[in-house]
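Engineer: Sequence:
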Amino acid sequence: MRAEEFGRVHHLPKAQLAAVVDGLRGRGLVDAAGGLTDAGRATRERIEALTDELAAPAYDVLSTNELDELIAGLEPIAAAAKAADD
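If you want the working numbering, it's the 1-based position in the sequence shown plus 4.
Hints were generated in silico from the structure; no laboratory data involved.
Because the structure is a prediction, the values reported are computed rather than measured.
All C-beta atoms in this analysis are idealised placements derived from N, C-alpha and C, irrespective of residue type, glycine included.
Please note: incorrect hints may appear among the correct ones.
[Unchecked claim] Label-pair distances were calculated between CB atoms; the ranges are: (1) T55 with G32: 19 to 25 Å; (2) D42 with L21: 19 to 25 Å; (3) A87 with V65: 27 to 33 Å; (4) L74 with A37: 23 to 29 Å.
Make a model of the complete structure from these sequences and hints.
Structural biologist: Here it is, written out as structure tokens:
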């Protein structure tokens, strides 16, 4: 995955996106071709794990029915976001 395709940065103006990628490259997270380095992938994994950990308490208080209702309500939004990214 190229850094420009990660997350929600692809919408940034080209100059700002280039500055972000250059900053990631300077930190050793992105290689010369714009892909994530091993350190970049490890950082991404740590961010995803921390996000999951921090979000878990909000879901832990929901009943099974409430979780099912939440998932059903979010599925169309997730599908639309995926389609927009493809």
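Engineer: So, for every hint listed, does it hold in this structure?
Structural biologist: Results for each hint:
no. : hint                     : verdict
1   : T55 with G32: 19 to 25 Å : 22 Å, holds
2   : D42 with L21: 19 to 25 Å : 23 Å, holds
3   : A87 with V65: 27 to 33 Å : 31 Å, holds
4   : L74 with A37: 23 to 29 Å : 39 Å, violated
Hint compliance for this structure: hint 4 is the single one not met.
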